[in-house]
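**Student:** Okay, here's what each chain looks like letter by letter:
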Amino acid sequence: MAHQADSKRMLDDRGYSGRTLHGGNPAALLEKAVLDRIVESYYWKEQCFGLNEATLCDRAAELTCIGGTFGVAQKPTPFLCLLLKLLQLVPERDVVLCYLRQPDFKYLTALAAFYVRLAWEPKDVYATLEPLLADYRKLRRRTREAFAMGYVDQFVDDLLTKERVCATSLQKLPRRRDLEDLDVLEPRVSPLGEEIDEIDEDVSPAEED
Amino acid sequence: MPPKRMTANPVKPSRYRPGKALAEEHSSDSESGEEEDDETLKRIPEPSRTTAAPPKAASFPSSTISTNLKKVDLNERRKEAAAKEVARLEQEAQAKAREEEGFETESSAASTKSDSGSTESEAESEEESSSEDETPQPKLLRPVFLKKGQRQTSIAAANAKSEVEAYAEAEARRKEKMDALVQEQLEKDAAAKAAGKKAWDDDDEGLAEEIDDTDGIDAEAERAAWRLRELKRVKREREAIELAEKELEEVERRKNLTPAEREAEDREYIEKQKAEREGRGQMGFMQKYHHRGAFFQDDDVAQELAKRDIVGARFVDDPMNRDTLPQYMQIRDMTKLGKKGGTKYRDLKSEDTGRWGELGDRRGPRESGYGVDERFRPDRDRERTGANAGPLGERKRDWDTPGGQQDMRESKRQKT
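Quick mapping for you: the protein sequence lines, in order, are chains A and B.
Heads up: the first sequence begins at 10 in the working numbering, then just goes up one per residue.
Heads up: the second sequence begins at 174 in the working numbering, then just goes up one per residue.
Looking at chain A on its own, in the form it has when it is part of the complex (with noise of 0.2 Å):
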C-alpha cells in the first residue's frame, strides 16, 4: 500500500490495512494518551507531515535530544514524534540498518535502536542491539522536568532490560538465558572479553587462598 502523508489511517484503527507490527497496528505499540499527545503537537504536524524513509534523515539530524514527554503538559519530544513517524512508515530491514550503522548522527542511530526494540522478534532484537552496547557516544536525554546525560550503551542497555523506556511501555522480552537455553542464541561475549578474564584469573586465585 503507498504510503499515506497524513496519519488518519494509521491511528484510525477500523479499517487498518497497512503494515502490520506484531500483528497489529504499529502505533497500538504506544499508549492511547501519549500517540495523542504526539499527534496534537506542532513538531509532529509541521515537520512530521509527509515524510518518507530518506526525508527523515533530514529531520532525525536535527534531533538534539533523546527522551519522551516532558513538562506538565506531557509535551512529546521531537524524538518521540519521530518514532511514531518511523512506526508509520514500517521501513524496511535494510533501511533500519542502514539508520543503525551510519556513524554521523548519534540520535538516529538511537532513534532505531528503539525502533528495532518495539518492532522486531526478540532474537533479532538482541542480536542487532547488542553490538550498540559497545558505543559510549554521548546523549542528551530530557527527562520530565530538566535535562540529564546518557550514553548510547546506557540507552541500549535499558531498552534490553527495563519495562518502560521514553514514555512507552516496551513489549516483554524473553531473557537472554532463556533464548541461550533454546539455543537461540549464542552467549554473549562482552567487549570487554579479556579484561573480565583477567580479572576472573586475578579473583579465583585470591578465592583459593
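Keep in mind that the hints were calculated from the coordinates and are not lab data.
Quick caveat: nothing in here was measured; it's all calculated off a predicted structure.
Ideal Cβ placement from N, Cα and C applies to all residues, glycine included.
In silico lysine-lysine, DSS-like type, Cα no more than 25 Å apart, as pairs:
1. Lys405(B) / Lys132(A)
2. Lys171(A) / Lys132(A)
3. Lys408(B) / Lys147(A)
4. Lys405(B) / Lys181(A)
5. Lys522(B) / Lys461(B)
6. Lys147(A) / Lys405(B)
7. Lys408(B) / Lys171(A)
8. Lys408(B) / Lys132(A)
9. Lys171(A) / Lys115(A)
10. Lys54(A) / Lys361(B)
11. Lys84(A) / Lys41(A)
Which residues of chain B face chain A? A partial, calculated answer using Cβ under 8 Å:
12. Leu380
13. Ala381
14. Glu383
15. Ile384
16. Asp386
17. Asp388
18. Ile414
What follows is a set of in silico ranges between Cβ atoms, one per label pair, in the way DEER data are often shown:
19. Tyr501(B) / Asp22(A): 50 to 60 Å
20. Asp471(B) / Gly80(A): 20 to 30 Å
21. Glu210(A) / Ala413(B): 20 to 30 Å
22. Lys445(B) / Asp22(A): 50 to 60 Å
23. Glu412(B) / Asp206(A): 17 to 27 Å
24. Glu207(A) / Glu415(B): 15 to 25 Å
25. Gly202(A) / Glu451(B): 46 to 56 Å
Once you have looked at the hints, place chain B on chain A.
**Tutor:** Just chain B now, kept in the frame of chain A:
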C-alpha cells in the same frame, strides 16, 4: 485608488488644535510615496504623511541647482539654447502640470528630450522637487493646443501612463520590496537555525546546553566510564545467573531430604518470622492502620521504608490506653476529632440497647413479686397491710381517768 479612509462617512473638516500643525489634504500622498520609492529603492514604503508643506510652483532646492549649474558652462550653452528656450518653457509647463496630476516622467525620457545638461538638471530637479514636495497640489491647468510640430506625442504617450497603470506599477514595486524583505528575514532565520542557535520550538535551549553531548572531549575518561558500565552489566548478569543456580540447588536439596526434615526446617523458618514480628510493636486499641501500598515494590528505597515499624511507633501525645480519654475523643482517626460527622455511632456494641447475652432464670409469674419497689408488691407477701405496715407507737395507759384526759389536754395546752 483606494480611499484613504475606509468609511463611507463624509470627511469632517479637521479641527484646529493649538500647538499642532494643520493637517493638509492627502489626496496625492500616495503619488509622492511612489516617487520617493522610485528614487530610493532601499527605503521601506512609508505611510502617507499627514504633515504636508504647501507646494511651491517653482521651488527648486538650491543645492542641486547650484551643483548642476556649476557643471554647466553658461557662456557656451546660452547661445545654443536661447532659441529653444521659449518652446521648452511651454513643454516644461505642460510636463509639470502632468506631474502634478500624478503623471510620472521617467528620467531617461526626460534625458532623451533634452540634449543639454541644463534641461536635464532642470528636469531632474523638477522631479526631485516634485518628489520632495510632499503633497503637490493637483493643479488642473487648462489644456493648451499645441501644433503638430510642438507636440511630443510618441514620447509623451510613452511617458504618460494612465493613473491606474502607474499605481499598478507602484504596487508591483512595493510588493517586490516586501518580498525582498521577507526573503531576507527567512534567510536570516535559516542561517540562525543552521548555526544551531534555535532548536525547534524549544524555549529551554539554555537548559539543554548545560548538558554537553559532544564526544571526544576527553576520550580516555569516556572510555573508562564505558568500561565501568560494561563491567557493571556483566556483573549484573552473573549475579542473576548465580541466583538462579542457587535456587535450583535449594530445590534439589529439599527433594533429597525426608519429609520430617523438611517439616523441621519449615518450623524453624516460621519461628524465625514470628520472632521478627514480635520485635515490632503491637497495634494499640483503635489505632489507625496505614496500608503500605501496592506500587513501587521494586524500588530499593521503598523496600527500605517497608522495613519500618509503623504500627509499633509511639509519639509523645499518643494515649496508650484510649479508655482514659473522654468518649468523644475515643476515635480511631484523631484527625477527625471535632469535625462534622462521626459523633454518634461508635460501634455496634456500644449502640446496642438490648440486653445482649444476658442469661438468667426466666419464669413468668415470679416476675411480679421481685424487682419492684416494696410498695408495689402484692398483699399476699406482706405481714401487715396498709397503715399498719409501718411500726406503731406505744399505747398510753391513762385513757380511762376523767382527769387524766383533761390533764392530758392541759398538759398539752401548757406545752403550746
